[in-house]
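Colleague: For reference, the chains in residue letters:
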Amino acid sequence: MARYGMALDYKSCINCKACESACKEENGILLGADKHRIWVGVKDIEGIFPDLSISSSGFEPSQCQQCDNAPCQTVCPTNATYYDDNGVVRVNPEQCILCTYCMEACPYDARYIDDRTMTVDKCNFCSDTRLINGETTTACQATCPTKVRIFGDLDDPESEISLVLRARDHHSMKEHLGTKPKLFYLT
Amino acid sequence: MNFKKILPYNRHTFSSFFSFERTPLNVFMLMLTVGLVGFLLYGISVYLQHGHHAYGVTRQHPWGLLIAMYVFFVVSSTGLCIMSSLGHVFNIKAFQIIGKRAIIGAIIAILTGFLVIAFEIGHPVRMVIYNVLTPGLTSAIWWMGTLYGMYLFFIILEFFFLNNGNHKYSKIFGLAGLIVGLAAHSNLGAVFGFLVARPIANGVFFPLYFILSAMVTGSYLLFLIYGWRYKMKFPPEVKKFMVTLAQVLGLLLAILIFFEIWRALTAIYGMMPERGDIAIHMITSKNFLIGEFLLGMLIPFVVIVYSRGRAIKTLVYTSITGMVGIFWMRYDLVHDTQLAPMMPLKIREYSLPPGLVEYTPTSIEWMIAIGAIGVSFMMYYTADKFFNLDHDAKGH
Amino acid sequence: MKTELSRRRFLQGTVALSIVGATAAATALAKTEHKSKSKIVDFGLTKTQWSDKLEEIPTLCEMCVNKCAAIARVEDGVLTKLNPNPLFPKSRNMLCARGNAGIQALEDPDRLKYPLIRVGERGEGKFKRVTWDEANEYIKDKMVKIIDEEKDNRSTIGYCAGEGMAEHTYASFMGDKIGSLNYVNHGSICLATTIAGYTLTLGGYGQADLENADYVIMAGANRAEAIVTPDTMDMFKRTKGRGLKMVVVDPRFTNTAAHADTWLPIEVGTDLAFVLAMTHVVMTEERYNKRFCEENLSDFEAYKKHIIDKNYTPEWAQAITGIKADDIRETARDFMAHAPRAIYYQGRRTAWSLQDYQLRRAQAIFSAMGGGIDKKGGIIFGKKLPLGEHSIPSPMYDNALERIEKSKAASIGNSGSWIAWRNTIIDGTAPYPVRAFFAYKQNPMLSIPNTAKTKQMLEKMDLVVVIDTMPSDTVMMADVVLPESLYLEREDPVKSFGGAEPSIALRIPVVEARYDTKPVIEIMRDLGEKLSKPLFEISKKYDESLQEEIEERGEKEVYKEEGYDLADGYRHSQETINHHMVSSVYGEEAWKTLREKGVFYPDMSKYFKKVSANEYEYYPEHKKSYSIIKGDLNNEPYHDTCVDINEIAVLKKKFRTATKKIACALYNFEKRKGVDAMPTWRSELYKETPEGRFKFITGRHGQFTQSGSSNNALLLDLLPENYLWINQRIADAKGIKFGDTVEVRSSIGAIEIKAYPTEKIGKNVVFFIHGFGAESSELTLAHHRGANDNAIIEDVYETTFGSAAMHETIVDIRRV
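Chains as they are written, first to last, in the numbering used here: chain A, 1 to 187; chain B, 1 to 396; chain C, 1 to 816.
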C-alpha cells in the first residue's frame, strides 16, 4: 500500500511531448487530438516583438491530478471511478456507463472517452501497465528528457518525492476547489 | 379476474384505433408525428453505427443536445405532476379537473426523456445493473436516476388508481409521486449545481430554478394539452381553470424573471473568472435573449398581464413559444455550464489558445432530440384512445 | 569499417574476422530464436500487456541522428514499448517523442517492403515488385554499360547518403570498392562550416559541457526543439535561474528562448557582426583571459589589432544586427565574467548564410578568449573509446576522375557540396558526365535547396537507385528501389561515443525483419557479388596499372588481394564484425555486456550508479574526461585580476591545430585559397531584406525529424503539419488570420501553407519547419501535408566549403 504522487519540476519542461507519446505507447491510447491522458500546456507569450515577456511564456506539463478528494469519483453514479489501494484514481471500464458526468466534474480536463471500450479513461499512473509488473515509475517519468517528474510514495517519509516536497516550494492546480491533488508543481 | 375492472380501458380494433376525424389539423399532426418518428429512427440507426461520433460532443463539451432534451422532457414531466398536484393533492378547486390528463402527460414525458437519455448514456443496460450493485450515493446522477425511477413507478400507480376511481390510493401515490418527483427534479438541478469546478453552475440556483421552471413548463403544457383536447372550445369549468392557470403562470413567470435577474447580477458582480465572463456571454447571446427571455418568458408574461389572464386562446398559442423558450433554457443550461474550458492552455503548437468551448449539435442529435417529441405525440394519441382522460362530473 | 586505400596486400582484417565468426553466429541464433508473429498493429497503439513471452532488448534509436539508447519491450514478437536505457551517458536515460514513436515507424503500412523496379515514367511512382536478384541484375546491366562507355571512370556513378550508423558501410562500398569519388552527404546542408570552423580554430568541434557551464550563448541553436543529446537534457534542468545563465540569439522566440534569461532577436544572417562586436568589447576592455590567450592563442595580437582596426564596435553591429549596442556590451562582459565556464554554443545545422564559416571561427575564438576550451564547463573534447579495426582491401582505379565540383568552392572535401555538385551536373559544366545516382537514407528531393533542380538532376540520370525504408519523394524518382530493414530490425556497426563520459553502444535488432527487407551490409554484399566480375572485366579493359599488375601476379591473385571482389568486406554478418571490433579491444566479457545491456565502457559495473529516479552517475567526477589535451605547465607568476587564477588554464596546451595553438589567423588558407585569414564582416555577402518582403528561415521541431518521420502516425498526431510563422501585425495588415492559406514565393518557386501569425517573429522574417510537403502519393499520411521549404529556398552556397546558405532567400507573402 502506498499513496502515490508526482512532483513536477515544470520549469525544466521544453514541450517536447515525450511524455505524451510514451504514455500513448505504454497504455495503448488511441490517436486523436482529444485522446490524451497527459499533455503539455503552452502559455501564449505576451508582448509585442521584440519586447516579449519571457516570464509570460512557459510550459505546463499536466495530467490527472490524482486528487485525494476527486470530484470525478464523487459524482460517479456506479462507482466505476474508484481509489485503488495506492490512492490512485482509476476507472473500472466494466462498471462505467459512459454518462460522462466525471468529465463534467473534473476541474482539470483530465478525462476522455476511449473509443474501443466506450468508457471514460484517464491517467492511472501506469498502474495496470507498469506498477503492477514491478516497475517503480510511470512511462512519462521514465522517458522525460529533462527529468521533469518525480514519482513516488507520499506516505513514505524517506521517498524521494517526500524529501523534495519537504524541501522545495510547490503548489498544486486549482487548490481552492479542495480537490487535494497529488500532483505538485515545484517552484 | 376482469382486467377491465381493475384498469378500465376502451377496446379497439385495428381500424378503430387508427380512425380519427380528418380535420386539417389532425392530418397535419399525423404527418408531423410520422415525420418526427422517422427522424428519430434514422437518428438512432446512425447512432447505433457510430456511437458518440455521430454527435457533436467533445472532450471539453461531453454533454450536448440530448442531455438538454432529456432535461426538457423530465422537467415537463415534473411540471405536469406538480401542477396536477395542485388540484388533487393540495385541493385547489380550479385545478381539480386536471387529474388523469396531466398524469398521463407526465408519464409520457418522462418515458420520452428516458428514451432520449438511452441514446446519450453509453451503456444504459449496464447503468440499470450497476445502479443497484454499486450505487454511487454521493452522485447526484445516481439520486436523480433512482428517484426518477421511483417517481415513474408512483405516478403510474397514481394513474392506475385515478383510472379505476380509487381516490384514496391515487392520492397517496400522487403525494408520493410529487415528493419523489420534487426530490428527483431538484437532484437534476444538483447534477449541475454540484459541479464545484464550474462556478457558473455551482451553487443553490439550479435545484430551485428547476422546480420553478418545471411549474412554468407544466403550465405551458397544460395550455397546450387542453387547447388540443377542446380545440379551443372550452367548457365553462375548463375555461375557469385555464384563467386561474394563466394567473398562476403569470406569477410563476414573474418569479422566474426575478430569479434570472438576480442570478445574472450575482454572477457578473465582481467578474469572477469562469463566472462573470460566462454570465456576460450567456445573457448577451441570442439563445438567451430571443430563445429564453423573449419566447420563454416575456411574450407569455405580457399576454397574461395585458389580458389579466383572460386571453386563454392566445395563451395556448403563446405556450408554443413558451415551450420553445423552455427548450432553449434547457439547451443553454447544459451548454453554458460547459462554456469555460477546464484546461485553458493550448496543447498543440499550431492552434489558437482555447477560448470558450464551442458546441454545435449534429443533424443526428437534432433528429433524435426533436424526433422524440413525435414519440410523445404517439404515446399521447394511444393513451387518449385507450383511456378516458377527461374529468368526470365530480371534477376528477 | 575501414578500407585500405592501397595496393598493399592487407588481409589481417578478413582473417581475424573468420576466427570470431562462429561464436557470434551462435549468439545471433539465440537472439532470433523467438519467432516473430509480425502482427500488424496498424495505426493503433498496443497497450503493454506483460505477456509471459517477454523480452527486453537494448538497442539504439534512429528516429533522428542522436542515437539514444533504448530498451525494447517485445511481447510475443510484437514490439509494445520503447523505454530509455539508463546506461548510456549520451542519452541520459531519456527517449523523446520521436524515440517513443519508433513503433509507428516499424508498423507503418506504407513502408518499402520489397525490391521494386520502375515500370512507368520516372517520377510517376509506378513500380513492379521484383526479387533482390532481379533488382541487382537490373542495376548490374545499367552500371556495366555506363562504366564501359565511360572507360572505367568509376566517378560517373554519383552517390549520396544521409547520416546514420551504416552510412560508412554504404559509402565505403560506393567509394572504396566501386571507386567513385562523387559522394555527397548531409555535411554541406548541415554542419560542415561549423565542423570546419571549429576544427581549424580549436582542433576539433568539441562538445559544449552544458552540464557544468555557468553561461551559454545559444545563437540560432534551438536545443529545446532540435534535440541534441546530452546538450538538451543537460541545459534545461539548469536554466531559469538554476545555475545556467542563457542568452538566446534568434530571430524567432523559440522554445529555447522561453528558457532564456535574455532573448536577443537578431536580423537574419548577421550573427558574425554580433560576435565581432562582442569580440571588440572584450578586446578594448581587456576582459579576455589574458593568461590563456597568451599561452594558447596564436596570432592573438594580430587578431586584436584586426578587430580594433576594423572598428567592429557595438554601435556598428547595432545597425546591422538590430541588437542594441548596450545589450551586446552587456552580453560580452557577462560572458567573460562567467568564463571559463562560458560557452558560445557551436551550433549544429549551421548552413545559414554566406558568411557561416567565418562566423563559426569568430565564435570559437570568442569562446577561447574566455579560456573555456578543453575545460570543465567550457567546450571540451573528451575521450573516445577505441574500437578494433575491420579492414578490407580496396582497389585503385586509374581512370576514376576527381569529383566534378571540386573547383566550386575553396575547399571541397570528400563529402562534397551537395548544391554545387548537383548544379554542376545540370548546368553542363561537369568535366565528365555523372550518369548513375545512388541514394541511401537521404531524400534529396526534399532535403536539398531547390527541389526543382534536384528533380532535374535525377531526370538526367541513366540509373537511379534508392535504398530507403519509406517511399519518399526521392524513391518516387528511382529506377530501382532497395528496401532497407528498419533500425529496429537490424544490427548496425558498433559505435563509440566520445565525450567527458565516453562509451560504446550497439544497435541490435529487436524484432525480425519484416517483408523482403535487408540491412545495408547485405544489400552491399549482394550488389558486390553481382558487380564484381563484370566491373573487373571493364577495369581489365581500360586500367593499365591493373593490366601490368595482372601480368605480374596473375589475375586470380590480383582480383582477390587488391579487393576487386567487391563483396569481400560484406560477407560476414554485422554481428560478427561488431563482435570482433569490441572483443579484440575489450575482451569477450565486454562484448557480452554490450549485447546484454546495449552499452559498454570500462568499469561500467563499478562506476554506474542510480542516484535517484532522475539522476544517474556514469563516471565518478574524477574519472570524467574534461581536460584531455596535454601541455606544459607554466609556473611564472602572473597577475590577472579579471579571472580567478585557479580557474584558468595554466597549461600551455597542444591543440590539434597546425600551430598546436588556437588559431586566430589562418594565413595559409588565405594564401592558397583566398579565404580571409581572420573573421571579417563582408557587407557584400550580406543581403538586407527589402521593405515589405521577408527573409525565409527554416528549422527543426521536437516532434518531427525532417522528411524521415513525415509519415509517422503518432508524431503527426502531435504536430499535424507545418505552419508559416509570420509577424502578427504584418499578418493583420495583410488580412491574414490563423489557419488562412498563404502563398510564399521566392525567386525559384512558390508554396502554399497555412499561416500562424505570432509576435514571436520579427516583421521581416518568416519561418516554417523543414521536412513537410511530400509529393509522394505512396506516403498516405505525409502526402501533401504542409509545405516543402526546399521548394522555395534558393540554391546558394558559401564559397569556402560549398555549404548551403539556407537563410539567404527573400520571399513575398500573399493571402490565397
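Worth double-checking, as some hints may not be accurate.
Claimed, not checked - Computed list of lysine-lysine pairs in PhoX-like fashion (alpha-carbon distance at most 25 angstroms, straight line):
1) C/Lys-763 - A/Lys-43
2) B/Lys-346 - C/Lys-754
3) A/Lys-35 - B/Lys-346
4) C/Lys-126 - C/Lys-151
Keep in mind that the hints were calculated from the coordinates and are not lab data.
Colleague: For the pair supplied as a hint, B/Lys-346 and C/Lys-754, confirm whether the alpha-carbon distance does not exceed 25 angstroms.
Modeller: Distance of about 18 angstroms is within 25 angstroms: holds.
Colleague: Measure nothing beyond the straight line between the CA atoms of A/Lys-35 and B/Lys-346; if it is 25 angstroms or shorter, mark the hint as holding.
Modeller: holds (14 angstroms)
Colleague: Compare the distance between the alpha carbons of C/Lys-126 and C/Lys-151 with 25 angstroms, and conclude whether the hinted pair is satisfied.
Modeller: The given pair, whose Cα atoms are some 33 angstroms apart, is violated under the 25 angstroms limit.
Colleague: Against the 25 angstroms threshold, does the CA-CA distance of C/Lys-763 and A/Lys-43 hold or violate the hint?
Modeller: holds (22 angstroms)
The structure fails hint 4 only (numbered hints given earlier).
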